[in-house]
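Student: With the hints as constraints, model all of the structure from the sequences given.
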Amino acid sequence: MRSARTTFEMGLREYVRTPVLLALLLFLPAYFIGVFSYVMPDQSVPVDVGGETLQVGMQALVAALMTPMAAALVGGIAGLFLMQSARDVDTRLSIVGASLPEILLARGGVLALAAAVASLVATAVVTLTHVPEQVGWFLAATVLTGLLYGTLGALVGLVLNRLAGVYVLLFGPLLDIFLAQSPLSTETHAVAPYLPGHYPMELALDAAFTAGVDPSPLWWGLGYLLAVALVTGLAFRRALRVG
Amino acid sequence: MREARGRSTTVVARARRLEVGLSSAIREFVREPVNLALLVALPPAIVVSYGSMMSAFPELPYMSSSPETLGAVAGTLFVAAFLPGVIGLFQVISARRADERLSLTGFPRATLFCARLLAVAVASLLTASISLVVLTTRTDVAALPAAFGTLVLVGVLYGLVGMLVGAVLPRELEGSLVLIFVADVDEALASGIVQTDGAFAKLFPLHYPHELFQAAVEGSGVATGDALAAGAYVLVLGVAALGAYTTLTGEEGLR
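The listed protein sequences correspond, in order, to chains A and B. With our numbering, the residue at position 27 of the first sequence is 27, and numbering never jumps. With our numbering, the residue at position 39 of the second sequence is 39, and numbering never jumps.
Hint data in this document are derived by calculation from the structure and do not stem from the laboratory. Fair warning: there could be bad hints in the mix.
As the list claims (entries may be wrong) - Sample of chain A residues facing chain B (criterion: CB under 8 Å; computed from the structure):
| hint | residue |
| --- | --- |
| 1 | V20 |
| 2 | L24 |
| 3 | L158 |
| 4 | L160 |
| 5 | L169 |
| 6 | A180 |
Where a beta carbon is used, it is the ideal one built from N, C-alpha and C, also for glycine.
Tutor: Set out below in structure tokens:
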């Protein structure tokens with residue numbers, strides 16, 4: 001456990017050592033949500049949330065969509081670079097005796113922290129213009145999105161190089177969250193229920209616009225996260241052996 | 001006579017330097033087979049996915065064509081823009097040390113910049129060709145040369161955005177974060193799914209190229225104002241990226 005803690009602290013120190021990165025982690029989600037809240041017209045649109053049709057302001061709707069997406073982008077990129085930059089170090093750690101669960105715990109901890117910070121910032125920004133009906137649930141959905149995409153980013157980082165990984169993460173969250181999970185669409189796309197953003201977005205939209213939240217998407221989302229984490233863990237173990 | 005010969009020798013030397021810089025940039029890209037696979041496989045996947053995902057949207061009054069066509073058109077534009085953008089970013093950040101060494105051996109920084117930009121332009125030509133071919137399988141393109149020209153233009157435009165970000169932020173993580181947020185805001189605003197308010201949305205790089213590309217696909221005639229604005233955007237970005245590259249990627253790159 002001690003090596004897990006040391007690895008976690010080292011990973012964290014690498015983030016803290018670069019103030020530009022910290023500033024970007026705070027600024028970019030705020031910029032992202034701020035821009036969308038600013039450019040959207042002030043008009044109501046019918047949306048399907050939790051099985052019922054509601055009239056929702058366009059600005060509030062896009063803010064609710066973009067908050068989890070900001071967390072997904074930060075989480076995805078953090079996961080990708082975490083795997084890329086720590087690959088050599090992790091191989092050495094495993095040679096000197098650190099176990100796979102310890103290394104995974106440490107890296108997962110750093111990733112979770114990055115996703116949580118981005119989610120907190122994004123949720124704080126969104127509350128300045130549109131307060132979700134259930135802020136706690138909305139934050140939970142945002143953190144879950146960040147964690148899911150963070151783990152997927154780590155998986156992408158194990159399979160692809162940085163250039164390819166950035167390119168995939170540039171399109172992935174937008175296609176999933178902005179298009180496939182959009183409540184503006186009149187029908188659910190065939191692949192939408194299988195995409196990582198499905199359960200978190202169900203929870204986020206429910207929490208943003210309805211007073212009563214059905215928690216089942218959270219459990220399904222956590223199950224999805226567990227499955228992705230398992231696959232990533234196996235890929236990581238293989239990468240360590242190869243390394 | 002001697003002066004003329006000297007001038008032609010300088011031109012030849014410059015061209016040779018540019019060739020060396022360009023070939024090293026291309027070699028660096030093709031060294032990883034996954035990059036080539038990406039160049040070929042992702043454009044069709046993205047164009048088809050965009051069209052398919054947007055087919056689930058209702059046809060709203062502000063949409064100029066069916067959501068599926070709108071999606072395929074937007075997807076084509078984004079593919080043509082963002083791959084050169086990512087390449088531009090990594091061209092500058094990953095090759096910082098190599099560029100420093102080349103600079104020490106006598107390569108002018110402006111020549112290095114041009115070599116990197118040429119590599120981005122080559123990638124733009126390739127992605128524009130592939131994505132346009134994919135688009136023609138989904139919808140009719142009324143003015144193919146204008147559509148192709150616009151796609152190459154957005155490739156160079158985002159390549160310059162990537163190079164500018166790479167020159168200002170010297171680490172890949174920070175550079176990628178900024179590029180991804182800039183591109184995704186631009187992508188969502190230019191997608192045509194949501195109606196945007198005010199002049200602010202026009203400040204984003206893809207606004208005018210999207211108008212040009214849409215006009216080329218529909219055959220509705222290219223608006224001179226849009227073409228001039230897109231050209232001016234490329235010019236301003238080019239100057240900014242060159243300035244940032246020559247001043248910010250100086251000797252500290254070797255530290």
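Student: Please go over all the hints and tell whether each is borne out by the structure.
Tutor: Okay, the hints, checked on the actual structure:
1. Evaluation of the V20 (chain A) hint against chain B yields a held restraint, the C-beta minimum of about 5 Å falling below 8 Å.
2. Taking 8 Å as the C-beta cut-off, the interface hint given for L24 (chain A) holds, the closest approach to chain B being about 5 Å.
3. For L158 (chain A), the suggested interface contact is broken, since its CB lies about 13 Å from the closest CB of chain B, more than 8 Å.
4. Interface restraint check for L160 (chain A): the shortest CB-CB distance to chain B comes to about 6 Å, inside 8 Å, so the restraint holds.
5. This hint holds: L169 (chain A) has a C-beta 7 Å from the nearest C-beta of chain B, less than the 8 Å allowed.
6. With a cut of 8 Å, the hint placing A180 (chain A) at the interface with chain B holds, because the nearest CB-to-CB distance is about 6 Å.
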